[in-house]
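A.B. asks: Top line first, the protein sequences correspond to chains A and B.
If you're matching positions, the first sequence starts at 0 in numbering that gives the first Met the number 0 and goes up one per residue.
If you're matching positions, the second sequence starts at 0 in numbering that gives the first Met the number 0 and goes up one per residue.
Just to be clear, a hint being listed does not mean it is correct.
Each pair may be met inside one copy or between any two copies, as identical chains are not told apart.
[Said to hold, decoys possible] Computed cross-link-like contacts, DSSO-like style, restricted to lysine-lysine with a CA-CA straight-line distance of at most 27 angstroms:
1) 176 to 4
2) 228 to 103
3) 228 to 28
4) 103 to 3
What the hints contain is simulated information worked out from the structure, not anything from laboratory work.
Note that this is a predicted model, so its numbers are computed, not measured.
Next come the chains, spelled out residue by residue.
2 protein chains.
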Amino acid sequence: MSDKKYTVITGASSGIGYAAAKAFAARGKNLIVTARRETQLASLRDEIMAAHPGVEVVVKTADLSVPENAHRLYDELRAYGIETWVNNAGFGSYGSVAEQNLTKIESILRLNIEALTILSTLFVHDYRDAAGAQLINISSCGGYTIVPTAVTYCATKFYVSAFTEGLAQELIASGAKLRAKVLAPAATATEFGKVANDVETYDYNARFGTYHTAEQMADFLLRLYDNDKILGRVDRETYEFELTDPLLPYAAGSSRNQKCEEEPNKDTIDALYEAEQIVNDPAVVRYTDVEEALKELKR
Amino acid sequence: MSDKKYTVITGASSGIGYAAAKAFAARGKNLIVTARRETQLASLRDEIMAAHPGVEVVVKTADLSVPENAHRLYDELRAYGIETWVNNAGFGSYGSVAEQNLTKIESILRLNIEALTILSTLFVHDYRDAAGAQLINISSCGGYTIVPTAVTYCATKFYVSAFTEGLAQELIASGAKLRAKVLAPAATATEFGKVANDVETYDYNARFGTYHTAEQMADFLLRLYDNDKILGRVDRETYEFELTDPLLPYAAGSSRNQKCEEEPNKDTIDALYEAEQIVNDPAVVRYTDVEEALKELKR
Numbered sequence: 000m001s002d003k004k005y006t007v008i009t010g011a012s013s014g015i016g017y018a019a020a021k022a023f024a025a026r027g028k029n030l031i032v033t034a035r036r037e038t039q040l041a042s043l044r045d046e047i048m049a050a051h052p053g054v055e056v057v058v059k060t061a062d063l064s065v066p067e068n069a070h071r072l073y074d075e076l077r078a079y080g081i082e083t084w085v086n087n088a089g090f091g092s093y094g095s096v097a098e099q100n101l102t103k104i105e106s107i108l109r110l111n112i113e114a115l116t117i118l119s120t121l122f123v124h125d126y127r128d129a130a131g132a133q134l135i136n137i138s139s140c141g142g143y144t145i146v147p148t149a150v151t152y153c154a155t156k157f158y159v160s161a162f163t164e165g166l167a168q169e170l171i172a173s174g175a176k177l178r179a180k181v182l183a184p185a186a187t188a189t190e191f192g193k194v195a196n197d198v199e200t201y202d203y204n205a206r207f208g209t210y211h212t213a214e215q216m217a218d219f220l221l222r223l224y225d226n227d228k229i230l231g232r233v234d235r236e237t238y239e240f241e242l243t244d245p246l247l248p249y250a251a252g253s254s255r256n257q258k259c260e261e262e263p264n265k266d267t268i269d270a271l272y273e274a275e276q277i278v279n280d281p282a283v284v285r286y287t288d289v290e291e292a293l294k295e296l297k298r
Numbered sequence: 000m001s002d003k004k005y006t007v008i009t010g011a012s013s014g015i016g017y018a019a020a021k022a023f024a025a026r027g028k029n030l031i032v033t034a035r036r037e038t039q040l041a042s043l044r045d046e047i048m049a050a051h052p053g054v055e056v057v058v059k060t061a062d063l064s065v066p067e068n069a070h071r072l073y074d075e076l077r078a079y080g081i082e083t084w085v086n087n088a089g090f091g092s093y094g095s096v097a098e099q100n101l102t103k104i105e106s107i108l109r110l111n112i113e114a115l116t117i118l119s120t121l122f123v124h125d126y127r128d129a130a131g132a133q134l135i136n137i138s139s140c141g142g143y144t145i146v147p148t149a150v151t152y153c154a155t156k157f158y159v160s161a162f163t164e165g166l167a168q169e170l171i172a173s174g175a176k177l178r179a180k181v182l183a184p185a186a187t188a189t190e191f192g193k194v195a196n197d198v199e200t201y202d203y204n205a206r207f208g209t210y211h212t213a214e215q216m217a218d219f220l221l222r223l224y225d226n227d228k229i230l231g232r233v234d235r236e237t238y239e240f241e242l243t244d245p246l247l248p249y250a251a252g253s254s255r256n257q258k259c260e261e262e263p264n265k266d267t268i269d270a271l272y273e274a275e276q277i278v279n280d281p282a283v284v285r286y287t288d289v290e291e292a293l294k295e296l297k298r
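Using the sequences and the hints, build the whole thing.
C.D. replies: Dropping the structure here:
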């Protein structure tokens with residue numbers, strides 16, 4: 000493995016992932032971009048390499064809604080030194096729970112939750128002591144506020160928010176160097192609207208009116224990347240972007256948490272240690288007869 | 000299908016599920032109990048049928064950490080009339096994200112999240128208009144507060160809380176008769192501790208000190224069942240049980256929500272309707288010659 004470092008972005012074939020790849024490239028970051036659609040990834044690579052000839056772009060096609068593919072992708076990337084990992088791949092679904100299509104929903108659960116968890120865990124396992132390393136998971140405003148007609152999608156994003164906020168604090172508490180962060184966009188004009196509504200065309204002006212562009216969101220992502228705060232979120236009502244501390248309750252130090260397993264008492268450990276030293280000391284005189292030993296002791 | 004009604008409880012082979020089955024049986028409710036372990040389910044059935052000879056107990060073994068099995072279970076239960084569905088099956092894992100065992104974690108995600116979503120969706124689809132029907136999903140205090148060393152487990156329970164609170168409000172808003180509810184226990188002396196810590200024995204007195212028994216939790220579950228509130232939760236610090244409104248933010252009626260697709264203007268619909276009536280009216284005189292029609296009109 001050379002010293003070359005890479006930024007991994009999942010779901011990079013369009014939307015926030017595509018814009019984020021260009022934004023990291025503009026900073027001279029080498030990229031590993033992944034998504035299902037090879038044509039779009041190749042266009043992204045061509046676009047970046049034309050604008051930034053010194054930047055390397057590695058294309059990896061993968062359908063991360065199949066958990067085995069998340070493992071395979073990570074294994075393939077063991078050959079690269081990774082600086083930043085952005086779990087951006089994800090999609091949604093509008094409609095009532097009663098009428099939702101379970102085939103689509105199960106894909107959402109596996110991509111938004113399972114692949115994100117697998118890739119986060121493997122990356123944190125390998126890079127927790129790497130100075131400057133960052134894991135950025137893309138959640139949503141819907142990961143802090145449940146939105147009617149998007150209940151299941153929001154629940155997946157509550158998972159992402161809780162998992163990543165918890166992980167971020169666990170890493171800091173453990174003295175790890177890796178930082179984990181959450182980005183929570185509001186409506187952003189991407190392919191999200193089409194996919195979530197199962198339609199061929201989607202008009203963000205008509206359906207939302209207020210929204211961000213993917214390029215604006217990529218800019219917010221870089222502001223989060225540059226900052227020590229754990230959460231970068233768009234306020235769902237004002238559309239202001241803010242960098243903040245975690246929002247979800249976190250029970251650090253609560254006396255109600257599971258206690259560590261009982262460890263041997265320190266006095267017991269000290270006594271055993273002392274006994275071991277005496278046993279191993281060649282200068283210690285050994286008595287086989289108890290009476291003789293007592294006599295010696297009284298002397 | 001007869002008029003006989005059943006209460007389905009998943010994860011009924013031990014712990015809260017086992018105690019809940021006995022508590023519903025004591026009210027004369029027929030049961031369908033499911034879990035992986037047939038021996039424990041058979042003991043439960045024998046115990047209930049000895050105490051309550053009039054109660055029917057149907058045993059269905061299923062490993063719901065395999066999503067296909069959740070679909071199969073539901074299909075098998077289409078022959079029964081269901082009154083209440085309790086998604087209780089679930090397990091946890093203590094430890095850091097960096098060191099967590101992904102095989103175990105992926106099972107947790109599929110059981111706690113995917114199976115619960117599949118079964119909730121199918122049940123709500125079929126029973127939303129059934130008066131008295133209830134769906135009760137078992138979350139956790141950890142589904143409202145992230146607990147250090149249990150981050151991924153808590154994230155699965157944030158999913159359950161958000162999904163079920165959102166669903167509950169969606170059902171009420173849509174005029175459905177089915178009610179969805181969330182139970183959020185704190186530490187409860189069950190097999191949870193052993194499984195979450197991968198140990199053979201686990202001492203709730205040593206590791207928690209304060210906790211509820213499975214029987215106490217089953218009693219809380221029935222209090223939630225009897226009440227109109229959506230959430231029954233144990234306060235993690237005081238261990239008091241309270242029935243409350245949903246706790247997570249819910250963006251009902253926000254102008255920031257996705258707007259409905261543009262529907263045809265009412266005037267346009269009225270005009271089309273009127274035109275259709277004229278076309279279909281046999282009393283209407285038809286002119287093939289425009290000049291003749293105009294002459295008739297001027298008369």
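A.B. asks: Next step is simple, just say for each hint if it's right about the structure.
C.D. replies: Taking the hints in turn, this is what the structure says about them:
1. 176 to 4: within (16 angstroms within a copy, 56 angstroms between copies)
2. 228 to 103: neither (34 angstroms within a copy, 31 angstroms between copies)
3. 228 to 28: within (21 angstroms within a copy, 52 angstroms between copies)
4. 103 to 3: Classified as neither; 38 angstroms inside a copy, 34 angstroms across copies.
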